[in-house]
Amino acid sequence: MSETRSIRVEALTRVEGEGGLHIRLNGSEIEDVQLSIYEPPRFFEGFLRGRPLEDVPDITARICGICPVAYQMSAVHALESALGVSPGPEIRRLRRLLYCGEWIESHGLHMHLLQAPDFFGAASGIELAARFPKEVNRGLQLKKHGNTLLEVLGGRAIHPVNVAVGGFYKAPSRDQLQDLIPSFEWGLQAAIDATRWVAGFDFPDFEQPCEMVSLQHPDEYPMNEGRVVSVSGLSVDVADYEREFVESHVAHSTALHSLRTADQSSYHVGPLARINLNRDRLCDNAKRIADEIGFETPCFNRFKAIIARGLEVIHAFDEGLAILKDYQPFRPSRLPYSYRNGEGCAATEAPRGLIYHRYRITDDGKIAEAKIVPPTSQNQRQIELDLIQWLPRVMGESDQRTADECERLIRSYDPCISCSTHFLKLTVDRQSDERGPKVSL
Amino acid sequence: MKGNSSNSGNPQQGQHSASAGTLAASPRSRPRPRLAVFKFASCDGCQLSLLDCEDELLAAAEAVEIAYFPEASSRMEPGPYDLALVEGSITTPHDAQRIQEVRRCSRFVVTIGACATAGGIQSLKNWAHHEDYLKWVYARPEFISTLATSTPIADHIRVDYELRGCPINRHQLLEVILAFVRGQRPKLATHSVCLDCKLKGTVCVEVAQGIPCLGPITHTGCGAICPTYDRGCYGCFGPAAQPNCRSLTDHCLQTGTSASTLLPLLRNFNGYAPEFREASNRVEALSAAAASVKEPIDE
Ligand code: SF4
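Here the protein sequences line up with chains A and B, keeping their order.
Mapping of the first sequence onto the working numbering: position 79 corresponds to residue 79, and the numbering continues sequentially without gaps.
Mapping of the second sequence onto the working numbering: position 109 corresponds to residue 109, and the numbering continues sequentially without gaps.
Misleading hints may appear alongside valid ones.
Restricting the straight-line Cα-Cα distance to at most 20 Å, the calculated cross-link-like pairs of lysine to aspartate or glutamate (EDC-like) are [as the list claims (entries may be wrong)]: (1) A:K134 to B:E284; (2) B:K198 to B:D160; (3) A:K170 to A:D326; (4) A:K366 to A:E45; (5) A:K366 to B:E62; (6) A:K325 to A:D175; (7) A:K371 to A:E242; (8) A:K170 to B:D230; (9) A:K134 to B:D230; (10) A:K371 to A:E54; (11) A:K170 to A:E45; (12) A:K366 to A:E54.
By construction, these hints were calculated from the structure, which means they are not laboratory data.
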């Protein structure tokens, strides 16, 4: 007679936003695994309707305080496609620079304060700092340099104000960017040291081949544009994204799950997918360190995403530095455009994976329809399937340990639950509401 | 680093900055005050501001006990707490209950950001048909349980201090925490962004370029960033003390800004703050009245 065991993590910690995990086991059989997202819905796609299209980068930024630039970039590219304008190389380079700032800030935070503590049984980055003061402080400084870049180029680090449809409200002066060079030179070396540090962590042996999807550009590491490609050989234009991938709404989540249309199968987006598909487009420094630490690709070990983040931070400092050094102010800082009826879509690479936006606009410059697919809703199903593979390895432990180990796997995705909910609280299972402060009050 | 160039500089940062030194210097003999961070409907940006205090974070964590902050720590200590920072607005029946519990277990409650203080960008739904929103976003609206409105925390419980901004200014956040740690009330300025521009010597975008700007009615705190980037203020910090919204909106309408530009500008991240709400409702009523006068002529 096997007994039923129910394990609940009421509030996932060290992730952005609010989610929980419900596992039901029957003896050695896994009956159910649900990553439930109870983040209250905020209905962005609803209230974008009727707004001036110029508001979209500012409003969609507020979907997520950790990756506002990803929303702003995807929004302006999609709107420019609808308007039929395409910004030139200067604007493109500044946009890549801004994205470098966000990758540094977001990856720096996740590596040092959110994921690294898991490898040492620490509850937080602050606790980890007692044991590794030099490394954690280095991580904080690294992250700060990403934020400083966002402040100079964007006006502020969280919800930058300088991103406009057509370009930037104002191009920075040469001096403003030159002043950042010393900190980026320091940052490049710090990122190399940080990557060597995390590569030495003790990783569970958990290679789980799965479909991995990212953008791919002929000669750049993917950020703002490219084709949608996968490790199984998919290669389509972004305009075909909605034909290849569908969103479905499941009862245990305010987020919409994304699946491959053809066979309703799950897939994975994020730094591991990007590196697996674009390793040869990394900068030389990142390639050299990847070789030096023996990072083998394709890598399907979710826990090693922390190494992929480190390599991407090296790349972001390296490429950022090159842009800072070459920069010359230009005019106009944004392209003029005329309103027309149209539709446009774009995909870019948020720190935590591919993000897709589509807008329909009217000839008086208003939004008629908006669709946003953030990275975490694309990963949600894959995370659940990963847990099913991971559970047999950890379910012999106490409920608490089992839950901790599952949370650790979830955290390796750097899920951003605030983003993934277009979006919600619910659920059909009212018990899942007994969470959060109740646990702690 | 010379990061404090005119574009990124915040004239307030100097006087408001609570340095790591002052935080760490608080007496360690007494038990440390216990800090909790709670999240409601929000983007996490305001609580992230705390983790963005890279230079002060570790010292701050010594000055206060971070007892409950799920985004940063898996150790979730039970209450009571000395200081609760509350991010986000109330949009679900469950959250309307949860905020009562937060009040019960916290000595001081400080709301951080426009969501918690004014309902946030999600309060735009307060003007719309809720069922439409559900349909537009979710294929299976029957799975979703939410309230029809997004409301600020102070509509539900007594709040001890409200920190403005979308997002908040992290230097002001440190100052507020420090004040409560010392048993004082924070003293932050309440004048308008417009005055900050004058202090910074930024050329007025409204006067020089005719760009509609909410600076004259918006609360200080951001450092008057937008005008230095050649754009108008869009009200992230909500209404300033005694804002003269009527004279600003009348001026804009008389000088060629259309109601269809002004309305979404006012109905933004702080659109549900009473002063901005009243101003946008008035602009809407004026433009509806003007349209109904025009109609017969159009025919
Ligand atoms: S006030 Fe703005 S920055 Fe703060 S949580 Fe709300 S949306 Fe995010």
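Results of checking the hints against the structure:
For a cut-off of 20 Å, the pair hint linking K134 of chain A to E284 of chain B is broken: about 57 Å separates their Cα positions. Between K198 of chain B and D160 of chain B, the direct Cα distance comes to roughly 31 Å. Violation of the 20 Å bound is thereby established for this hinted pair. Simply put, K170 of chain A and D326 of chain A have alpha-carbon atoms about 18 Å apart, close enough for the 20 Å limit, and the pair holds. Between the alpha carbons of K366 of chain A and E45 of chain A the distance comes to roughly 13 Å, so the proposed pair stays at or under 20 Å and holds.
For the given pair, K366 of chain A sits about 50 Å from E62 of chain B by alpha-carbon distance, which is inconsistent with the 20 Å threshold. Simply put, K325 of chain A and D175 of chain A have alpha-carbon atoms about 10 Å apart, close enough for the 20 Å limit, and the pair holds. Straight-line distance between C-alpha atoms of K371 of chain A and E242 of chain A comes to about 10 Å, which keeps the hinted pair within the 20 Å bound. Proposed proximity of K170 of chain A and D230 of chain B is supported: the alpha carbons are some 6 Å apart, at most 20 Å.
For a cut-off of 20 Å, the pair hint linking K134 of chain A to D230 of chain B is broken: about 41 Å separates their Cα positions. The suggested pairing of K371 of chain A with E54 of chain A holds, with an alpha-carbon distance near 16 Å, which does not exceed 20 Å. Simply put, K170 of chain A and E45 of chain A have alpha-carbon atoms about 28 Å apart, too far for the 20 Å limit, and the pair is violated. Note on K366 of chain A and E54 of chain A: the hinted pairing holds, with a Cα-Cα distance of about 9 Å set against a maximum of 20 Å.
In summary, the numbered hints that this structure violates are 1, 2, 5, 9, 11.
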